[in-house]
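Take a look at the letters that make up each chain.
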Amino acid sequence: MIFNLIYRSLRQHLLATLVTAGSIALASGLLLTVWVVKTQSQAVFAATNSGFDAVLGARGSKLQLVLNAIFHLEASPGNLTAADFEMIRHQREVKTAIPLAVGDNYQGWRIAGTTESLFTDVEYMPGHRYQVGRGERFFQIGKLEAVVGSYAAKKLGWQVGTTFHPSHGLIFNPQSEHHEETYTVVGVLAPTNTPVDRVIWIPLEGVQTMKGHNPLAATELSAVLVQLRAPEAGMMLNLRLNSQGSRLTFAYPIGTIVAELFNKIAWFDQVLTLVAWLVAVVASGSVLVSIYNSMSARARDIAILRALGARRRTVFGAVVGEAAVIGLLGATAGFAVFAGLAWSVAALIQAQTGVVLNPLQWNPVFCWGPAVFVGLCILGGCVPAFKAYRVSVAEAIAPVS
Amino acid sequence: MPLLEVKNLIKTYAAPGGNRDGASAIHRVVEVASFNLEAGEQRALRGESGSGKTTFLHLIAGILAPDSGSILLAGREITQLSEAGRDRQRAESLGYIFQTFNLLQGHTALENVELGMAFGHGVDRAQAGALLQRVGLGDKLGHYPRQLSTGQQQRVAVARALANRPKLVLADEPTGNLDRRNAREALQLIREVCRESGAALLLVSHDERVLAQFEQMQDFMTINRALVTTAAQN
Chain A
1 MIFNLIYRSL RQHLLATLVT AGSIALASGL LLTVWVVKTQ SQAVFAATNS GFDAVLGARG
61 SKLQLVLNAI FHLEASPGNL TAADFEMIRH QREVKTAIPL AVGDNYQGWR IAGTTESLFT
121 DVEYMPGHRY QVGRGERFFQ IGKLEAVVGS YAAKKLGWQV GTTFHPSHGL IFNPQSEHHE
181 ETYTVVGVLA PTNTPVDRVI WIPLEGVQTM KGHNPLAATE LSAVLVQLRA PEAGMMLNLR
241 LNSQGSRLTF AYPIGTIVAE LFNKIAWFDQ VLTLVAWLVA VVASGSVLVS IYNSMSARAR
301 DIAILRALGA RRRTVFGAVV GEAAVIGLLG ATAGFAVFAG LAWSVAALIQ AQTGVVLNPL
361 QWNPVFCWGP AVFVGLCILG GCVPAFKAYR VSVAEAIAPV S
Chain B
1001 MPLLEVKNLI KTYAAPGGNR DGASAIHRVV EVASFNLEAG EQRALRGESG SGKTTFLHLI
1061 AGILAPDSGS ILLAGREITQ LSEAGRDRQR AESLGYIFQT FNLLQGHTAL ENVELGMAFG
1121 HGVDRAQAGA LLQRVGLGDK LGHYPRQLST GQQQRVAVAR ALANRPKLVL ADEPTGNLDR
1181 RNAREALQLI REVCRESGAA LLLVSHDERV LAQFEQMQDF MTINRALVTT AAQN
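Chains as they are written, first to last, in the working numbering: chain A, 1 to 401; chain B, 1001 to 1234.
In case anyone wonders, no lab produced these hints; they're calculated from the structure. Owing to the predicted nature of the structure, the values given are computational and were not obtained by experimental measurement. Just so you know, even glycine gets a beta-carbon here, dropped at the ideal spot from N, CA and C. Some clues are possibly wrong.
To be verified - From the derived model, a few chain A residues whose C-beta atoms are all more than 12 angstroms from chain B:
| no. | residue |
| --- | --- |
| 1 | S9 |
| 2 | M125 |
| 3 | G133 |
| 4 | A307 |
| 5 | I378 |
Said to hold, decoys possible - So the derived label-pair ranges between C-beta atoms look like this:
| no. | chain 1 | residue 1 | chain 2 | residue 2 | range |
| --- | --- | --- | --- | --- | --- |
| 6 | A | R11 | B | E1077 | 53 to 59 angstroms |
| 7 | A | F386 | B | S1149 | 34 to 40 angstroms |
| 8 | B | R1180 | A | V281 | 55 to 61 angstroms |
| 9 | B | R1225 | A | L18 | 51 to 57 angstroms |
| 10 | A | R11 | B | S1034 | 46 to 52 angstroms |
| 11 | B | G1198 | A | R11 | 47 to 53 angstroms |
| 12 | B | Q1147 | A | N4 | 16 to 22 angstroms |
| 13 | A | L18 | B | T1222 | 42 to 48 angstroms |
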């Protein structure tokens, strides 16, 4: 019977029910989004290394080095010489060393110079090598050819045969002139869901010797991406290059360095989470207010139910149940809000970093989030329920004769 | 043994601001030494507004608890029951018809009648439909109270009062909000359905036309000594 009472009350107060459930849905969607993006981005960013264990760069911030060489964000902290590259390449702990030179862009899309071995020798994820489409190929050293990351190609509308002129600098300036060299796209990389997807790749010497660049820097590199023979070997290199040396920075391990980034912005995380919780509390408060405000009008209905034999605990349960159902409806609809919000945020993160989040991947918040909302709504419902519990039948059912 | 047996029933209210100390004055509303009603009997009580007759019905229904006295309904002492016990007793054994109908506006006619069963023996949709059919509203099961005339609303209230197969139906000014024709029809209907179901009927009213319909009619003033005492004090 109590379910019938709840259903009919919700039906009778349909507009208020929908508005209140809508506010719960927004709050729930926001909380789920904040939580999922927060936890998943930490995990995904920390796991993003494009298949490398470490990065060698000029003396400076390890985080800046990783952001520049792995995530293709930020500027390089400085340049390395060809000798530095040879030095690291011949360390016994190093399995593969891939040179990287940056400094140009095309309409804001980063152009990176490297060697073909990046595509042929490296697994960007265990068991996954870079691939291009049928009939396409990787660039050849010495030629003005380019391989384009999938996301950049899609956004630029590029395909094999497209030609372009690089612009100087990492940031696009419409006023600046572009380089004279004309590059031709010879391959579009299959999606890797890594920052590589946002980059236009050209042969290393293309960046180094492009007209307009400093001739003295023709052999310099921005960074060297390093694969180790054994992960623990990085500790030795770390000791030799960072502690005992003073000219180079060996960023290792990459995941730990990225985690530092999240530690630095932890306060922002906490603010977002706090805002989400506040929204949750306000939304559940709206359940309280919505039902409570209607209690004066409902007092007579409750008195009638009591006069028909309903016990106090029945009307209490009906009001609490109504709040719980509103919470449940809102939390359920919150998944739709979450889907929309989270996909938007994920698309933004992909556009900015190339890192792809999968918001629909299982997260414990999918269980406890809605449960918390229903719980808060039940708590909010207890206040008007107590008022319903205390309704005086004789007074509310007037007139008295 | 009577279906309803009331003895030495007293109910008082605290009237605010009664004396110079600001303390509440005690106002005795009901003082009934003895009142009996047999099973299946139909009796009317005459009483003016404020005479305590609604309070008297509320006490019998267990909506209010008396200060003292005894109410024996179908062999069960109501005054000894807990509030939950009185609720159950009301749900299972009593029907109540109000002057203002007291239908739930968010419920259809059928759902209102089902409410009359819900807290007692359980909902029987077929019986609820049959009761509405009996009171002439078989074609309005899905109508909401606002879609019904006042006379039709009172018919729904009558059907609801009979829904739990009560032993006793209490009717408080059941025709007070109806025009003369509807009042006559409603009263006739109440009496018929009570007779058909074997329920006793205790009706209170101040309307002489209503009271005149009853073979058994009593002046509430002769029962409620609180009124006599108050009149004497005045």
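Hint-by-hint comparison with the structure:
no. : hint                                      : verdict
1   : S9                                        : violated, 7 angstroms
2   : M125                                      : holds, 58 angstroms
3   : G133                                      : holds, 63 angstroms
4   : A307                                      : violated, 6 angstroms
5   : I378                                      : holds, 22 angstroms
6   : R11(A) with E1077(B): 53 to 59 angstroms  : violated, 40 angstroms
7   : F386(A) with S1149(B): 34 to 40 angstroms : holds, 38 angstroms
8   : R1180(B) with V281(A): 55 to 61 angstroms : holds, 58 angstroms
9   : R1225(B) with L18(A): 51 to 57 angstroms  : holds, 56 angstroms
10  : R11(A) with S1034(B): 46 to 52 angstroms  : holds, 48 angstroms
11  : G1198(B) with R11(A): 47 to 53 angstroms  : violated, 36 angstroms
12  : Q1147(B) with N4(A): 16 to 22 angstroms   : holds, 20 angstroms
13  : L18(A) with T1222(B): 42 to 48 angstroms  : violated, 56 angstroms
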